[in-house]
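Colleague: Just so you know, the protein sequences line up as chains A, B, C and D, in that order. So for the first sequence, the numbering used here puts the first residue at 1; every next one is plus one. So for the second sequence, the numbering used here puts the first residue at 1001; every next one is plus one. So for the third sequence, the numbering used here puts the first residue at 2001; every next one is plus one. So for the fourth sequence, the numbering used here puts the first residue at 3001; every next one is plus one.
Please keep in mind that the hints were generated in silico from the structure rather than gathered at the bench. A couple of the hints might just be wrong.
Label-pair restraints from in silico Cβ distances [as the list claims (entries may be wrong)]:
no., chain 1, residue 1, chain 2, residue 2, range
1, C, 2223, D, 3079, 38 to 48 Å
2, D, 3236, A, 170, 25 to 35 Å
3, C, 2080, D, 3217, 52 to 62 Å
4, B, 1236, C, 2092, 19 to 29 Å
5, C, 2080, B, 1093, 23 to 33 Å
6, A, 255, D, 3229, 21 to 31 Å
7, C, 2232, D, 3217, 54 to 64 Å
8, B, 1093, C, 2161, 20 to 30 Å
9, C, 2224, B, 1232, 42 to 52 Å
10, C, 2223, D, 3090, 31 to 41 Å
Calculated from the model, a selection of chain A residues having no Cβ within reach of chain D, i.e. all distances over 10 Å [stated by the list, open to error]:
no., residue
11, 61
12, 75
13, 78
14, 181
15, 214
16, 216
17, 239
18, 255
Think of the CB as a built atom: it goes at the ideal place given N, C-alpha and C, for glycine as much as any other residue.
4 protein chains.
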Amino acid sequence: MADTSRTEPGLGWNEMPRAKAAKSNLTGSDFRLWSIAYRVLDMEGHTDLTQGHLSIRDPNGRGFWMKRTGIAFFEIKGRKDFVLVDLDGNRLEGKGVHGEWPIHAEIFRSRPDVNAVGHTHPFYASTFSASREPLRAVAHEASNLNGAVTRYVGTSNLIDTPKLGREVAEALGPAPAVLMKNHGITFCGPSVEECVLAGIFLERACHAQLVIGASGFAWDYTGEPEMREKYKTVMTPAFIRNSWEFYVRKLARREAGIAV
Amino acid sequence: MADTSRTEPGLGWNEMPRAKAAKSNLTGSDFRLWSIAYRVLDMEGHTDLTQGHLSIRDPNGRGFWMKRTGIAFFEIKGRKDFVLVDLDGNRLEGKGVHGEWPIHAEIFRSRPDVNAVGHTHPFYASTFSASREPLRAVAHEASNLNGAVTRYVGTSNLIDTPKLGREVAEALGPAPAVLMKNHGITFCGPSVEECVLAGIFLERACHAQLVIGASGFAWDYTGEPEMREKYKTVMTPAFIRNSWEFYVRKLARREAGIAV
Amino acid sequence: MADTSRTEPGLGWNEMPRAKAAKSNLTGSDFRLWSIAYRVLDMEGHTDLTQGHLSIRDPNGRGFWMKRTGIAFFEIKGRKDFVLVDLDGNRLEGKGVHGEWPIHAEIFRSRPDVNAVGHTHPFYASTFSASREPLRAVAHEASNLNGAVTRYVGTSNLIDTPKLGREVAEALGPAPAVLMKNHGITFCGPSVEECVLAGIFLERACHAQLVIGASGFAWDYTGEPEMREKYKTVMTPAFIRNSWEFYVRKLARREAGIAV
Amino acid sequence: MADTSRTEPGLGWNEMPRAKAAKSNLTGSDFRLWSIAYRVLDMEGHTDLTQGHLSIRDPNGRGFWMKRTGIAFFEIKGRKDFVLVDLDGNRLEGKGVHGEWPIHAEIFRSRPDVNAVGHTHPFYASTFSASREPLRAVAHEASNLNGAVTRYVGTSNLIDTPKLGREVAEALGPAPAVLMKNHGITFCGPSVEECVLAGIFLERACHAQLVIGASGFAWDYTGEPEMREKYKTVMTPAFIRNSWEFYVRKLARREAGIAV
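Given these sequences and hints, build the entire structure.
Modeller: This is the structure in structure tokens:
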């Protein structure tokens, strides 16, 4: 019952056009955007108690911002809900640093292309993390991740030391997301928007694969090289912008009490 | 893992009584009806970001109307949300033509009996599209489609050229709907109402087949000739009208904040 | 793929204490109760378009009352929504008789202990109807039906003739409910309250059996004679009253916009 | 199809730090807290008609408090909704004692470390109770129970005698929860808060295991000794407090009509 390989190599999600990274416009005043990102993740099933966190690289190079401990994703509203932590785990602003800060620190250290990192326990992806099955492109969502999702099987315990953080970063490699065995997922992007989309796509892709696997029917998935083509066709800057703005408007409706 | 056949022959859904096609009363002022059709599809699980589209043949023969890019099904309210496109993809009115317009153009070209076409990514039908299983009449919904749902397995990528559009139209054949492998579904009807019902029935039928397949129990489905008889018994003009009006009233309740 | 047996014998659900039948207090002014019964069924997943119907034996012996055609379960509010039909299908009051009136007529004819009959298409029970598996007491719900649910496999088409109605009544036998292959369910009771509870228990029982079947795990069910003992212990008049009143209050909350 | 062993030994959930038990601050004025506990369980899927109950050991040693019969979890608001029962089933305050009071009495008698006991029928745990599969740590939730969930297979009927209550208490052993075959679950804790969390974690853990089991994919779980380490790392007093307070705030949002 032991997995022998700790990771599967990513297929190049970071080949996405440079323009997208440039679109990331992190500023000290962007707490509103980052708060919306948390609440969008909540809306899409990523809340698990007060656990999980989304971090954004500090535009001034001091480390990264993440929500403080003790509050839930749906409660994040602004600056007072964030702490600033440097890559060695020193708290620079705010109070209440999650013990799993090393996930974020080590990914920011090893991935200069990444400006936002999420770690959550959504139901289907956390359940799928228990399987040994590669994530397959059952429908669009996994293709949107370029088939590049890896696995971390080192421990199912909290990632609360730099050593464990480095293991997760290594398992992630150049990919947009890593499934963490019997634990949850970590996902990232060149911007907070793309990071959130990666988390949402992964949860939906895992749900689809669990359902088609369960069906007992023979099934197929989008393989190479079609997936690489599809990724390039679909994941344009316009698609990413439209998709993000879709979630922002959907959230506004939800928060206004409109059925979504 | 390759499918060798690209389509399965339809069983004659377009044998439906002519009276129904005549009931389609498309006029230039019908944007309100078409907007409701989009919002009904949203209510029934057909929203995927700002992707997917429903088109209606222009009553004046200039092509077809579909929602513009960048907005979601639940946001379609009236004329400003639509574009008019001709069968060669030329934009005649409005702004923001979806890249997959050829799905609609080629079906309108090859199916004079069709006045509305939908292309969406609902969760269960998109997941079932990955299987190689014929859609079976587990319950009423698939019977309502006359067992005539086909498969398109040419690509899981966007259908963004006339050549690909023709492939999908060919795979659809005379059927009311086609499952698009690892992608989603396309459905159509002699009226916008029947088109929307076909999409709703297909999503529910796929859900039922995935659940009964997963159960591990031996199971049966309505086969020929019983299904053909059942289709004729159930799919009367009165049933279609009652079903459409049901969704319109259900939508009104939902939009008024009443639990549905 | 043909089923050879059309029914499985019931285990004696009608052995329930006489006191319960006596509790049924049908009066001509009870349209409010009957409307609530429809809306409770809607709340618990029994709405399928404007299809399905619940009937109550006329206290004056003229036949039975059921909702009229063209409206949904959630829309039933009072006398104007009902029609009175005699056991030969003659309309005595109101307008719009469902074509499947023979289900009700033939059960009322053959079952003097029954004062209410429901026929619906809830998702899980309709899906489970496709299986050849006996309903098993995975949890309390199936025990509450005394393991007495039968199957009708004569046709999956509408039951719109007295002959078909008699077939369904025969398949039902002395049971509280019958699964109708590739179609839905019919359920009944000595009172409208017990009839509604039977429908709700059956949908939940089918859901549980589909889920445990799908799990791939070895599983057990409550068998005889334990189930018979359990049925007697649980299904007391107080339990039936408490359960019905629970749904009435839950419905009141839902209709007041309170999350349920 | 018979289970030969009635229990599986617990792994030491009651090894939790003494500080946590001390945190339990039961007072005669705590009906508001206990009512919230009922409504949190309702929010998290533990309502089944007016069945099920949560009990709290009387701080003055007279027995335990539990909801009265005939009302649902979402209706519990204060003192008038509770009854006080001694360990022999004598009613000391209030009216309407649930027939299954012996579950609570016998666990309070045999487990001095326990100050609250819940017995409910949540959908996934009740369904999983039918399996013979040990609960496995698919994700965090089962780890939070320290892999210590046992099984009771003596009867699926009501536990309405001291003898049956003792059987359940014996099957529970030193564990935080016991799966009751074809019936439901019983869970407990040193405080009402921990008891409620145990019930919530168990329902979610059963859901995850049913889904991964159904997937047909090879899967792994957190085994010993990693789970023991993980339990110690995660289940700190701060985590328990944060998790409980999360549910209290989530409930407040729900009761204010905010989407959760």
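Colleague: For residue 75/A, is the shortest CB-to-CB distance to chain D above 10 Å, so the non-interface label stands?
Modeller: Nearest chain D Cβ is 7 Å from residue 75/A, so the label is violated.
Colleague: I want to verify a distance hint. Is the separation of the beta carbons of residue 2223/C and residue 3079/D within 38 to 48 Å?
Modeller: 43 Å, holds
Colleague: Is the hinted range of 52 to 62 Å satisfied by the C-beta distance from residue 2080/C to residue 3217/D?
Modeller: 54 Å, holds
Colleague: Just checking, residue 239/A versus chain D, shortest CB gap more than 10 Å?
Modeller: 27 Å, holds
Colleague: Taking 10 Å as the cut and beta carbons as the points, is residue 78/A off the interface with chain D?
Modeller: Holds, since 17 Å exceeds 10 Å.
Colleague: Please settle this one: residue 181/A was flagged as non-interface, so is its CB more than 10 Å from every CB on chain D?
Modeller: 7 Å, violated
Colleague: Please check whether residue 1093/B and residue 2161/C have a Cβ separation lying inside 20 to 30 Å.
Modeller: 52 Å, violated
Colleague: Do residue 2224/C and residue 1232/B keep their Cβ atoms within the hinted range of 42 to 52 Å?
Modeller: Because 44 Å falls inside the window, the suggested range holds.
Colleague: Between residue 2232/C and residue 3217/D, is the Cβ distance one that fits in 54 to 64 Å?
Modeller: With a Cβ separation near 43 Å, residue 2232/C and residue 3217/D fall outside 54 to 64 Å, so the hint is violated.
Colleague: Checking a non-interface call: every C-beta of chain D should be farther than 10 Å from the C-beta of residue 61/A. Is that right?
Modeller: At about 31 Å from chain D, residue 61/A clears the 10 Å cut-off, so the statement holds.
Colleague: Is the nearest CB of chain D more than 10 Å from the CB of residue 216/A?
Modeller: Residue 216/A is in fact no farther than 10 Å from some Cβ atom of chain D, at 7 Å.
Colleague: With 21 to 31 Å as the target window, see if residue 255/A and residue 3229/D comply at their CB atoms.
Modeller: Distance hint for residue 255/A, residue 3229/D is violated at roughly 40 Å.
Checked against the numbered hints given earlier, the structure breaks hints 5, 6, 7, 8, 12, 14, 15, 16 and 18 and satisfies all the rest.
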